[in-house]
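Undergrad: Here are the chains, one letter per residue:
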Amino acid sequence: MTTAQIIFLVVAAVTLVSAFMVVTTRNLIHAALWLVATLFGVAVTYALLNANFLAVVQVVVYIGAIAILFIFAVMLTRKEMRDQGPQLNSAWWISALLAVLTFGGLVGMLWGWKGMDTLASEMPVGFDSVSALGDALISPNAFVLPFEVASVLLLAALVGAVYVAFNPRSGDSRK
Amino acid sequence: MDWTIWVEWLIKSLFVVFALLTGFAYLTLYERRALAKIQVRIGPNRAGWQGLLQPVADAVKLIFKEELTPAKADKLVFFWAPIITMVPSIVIAAVIPFGPTTTLFGRTIVFSVANINVGVLFLMAVASIAVYGIVLAGWSSNNKYAMLGGLRSSAQMISYELSLGLGFVTAILLGNSMNLHDIVDAQRNVWFAVVQPVGALIFMIVTLAEVNRAPFDMPEAEQELTAGYHSEYSGMKFALFFMAEYQKMIAISMIAATLFFGGYREFWFLKDTFLSVDAIWNIGPWQFQAWFLGPIYMLLKVVVLLFFMIWIRATWPRIRYDRLMSFGWKVLLPLSLAVVFISAVGVLVAQQFDNNWYLAIIPIFSSVAGLVAVGFVDQALRRKSYASH
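Chains as they are written, first to last, in this note's numbering: chain R, 155 to 329; chain E, 873 to 1261.
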């Protein structure tokens, strides 16, 4: 086994254990912290795949913004941080079945792929993956259309959030 | 990979860590003496010559203080929160260059712990992790004041992070790279603070909010929240929060110096003289590049920027919380968006006509945008003062 493989196995184990803890722990803040650990594991996996930009963006967006908003919302709304209700509902076996089937399908698909047991090739020296990604996102031959569609979707979500938060009775958001 | 690269990394990491730790110790003394001068006091001058041993005395006092953990605190999170606050404040300095690339002992040496292509984004990522320590400290203390301090800080830091990110974007646009070494090299002829004065000013204001310094020190407003998020902390755990705050001040001054004030490069009037970091010195039989001037220039710039932070703390009252939020969202964010847009247009025009003098439209238009923003703030404040009468 190479060093990269050992590191990957450790990171994957930590990520999976944290993901399991997210759904089993009863304390909501602890669940949010385990989620942060999971997302961090994913970021390390990106870094192992030579995707530096994605790894850092994962930390900025998911850990720095989304998970902190979770914690913020939990702290603002819940007095008691412990969840006392049952942790499973009656449809738990359907979800478990779906999860197992999805995992089985992924394994079955990847089994025949020859990339499974070859090592990733080294990046050429001086290759700038960030500008390659930037070019791909705005090039008409690559991903400009999905990129712009996603931007419009985000803008719509932004307008929707303002509409939901706006109180028409006061007529003005200023107090 | 030979063993010398490990030695090189070890030396560079130790240098950065020791610079930040001793910097923290003497920054407290610097701040107390400077504040005292501004407030016509003397300040600590008893321990050692001019109080130089005062940080040592403070450290010994804090180590021997009793440590309390509240009975109903979340013990694990309470223990980890100071550590989570402390680590990012040191890690953030890893990508900051403190000297030009040079050849020493037959090897090429890059003067930063990690020279990565996405350096600016790395700064952003670490800055966004720093919120966690404060929020978790506030929550785990099981104290309403601490909790409110934590909530305030998370809201404030998330809001101001947007303008901070746009400040980074401005520097990336002007430097045409995300690598901090390239950004510093791009300021060889003129500092980005000259090309984009409004962007630099916004960046300095936002960094004050990011490190919770006056006038944005809401999370620990003592009149309202006793001590805010660290009310329940004592002894060394409190000292860790204290260290983290001052190390963040140093780190953020280093970042501001790197992005807008030429980083380790010499001052503009020393360009092409023997005091430039590119100059080759001939002393006797030896011939070498003056790379060691880089850390010295960096230190000078950091000390000046830190003085501005202390000066602001001494002279400005704390801004009210709702005004802090509306200032961040309604003034700084639109203004920094405008600044990014103007910078992008200026860079494109200069590229199009292949003449760097066209970059002059950036300071002109962004100053106009800045004045418009100041006008709006003035108008809003006038309306409020009329409404109250």
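Worth flagging that the hints you see were computed from the coordinates, not collected in a lab. No residue lacks a Cβ here, since even glycine has one placed at the ideal position from N, Cα and C. Treat the hints with care, since some could be wrong.
[Claimed, not checked] Sample of chain E residues facing chain R (criterion: CB under 7 Å; computed from the structure):
hint, residue
1, 981
2, 982
3, 986
4, 989
5, 994
6, 996
7, 1000
8, 1114
Undergrad: So which hints don't hold here, by number, going up?
TA: The structure breaks hints 1, 2, 3 and 8; every other hint is satisfied.
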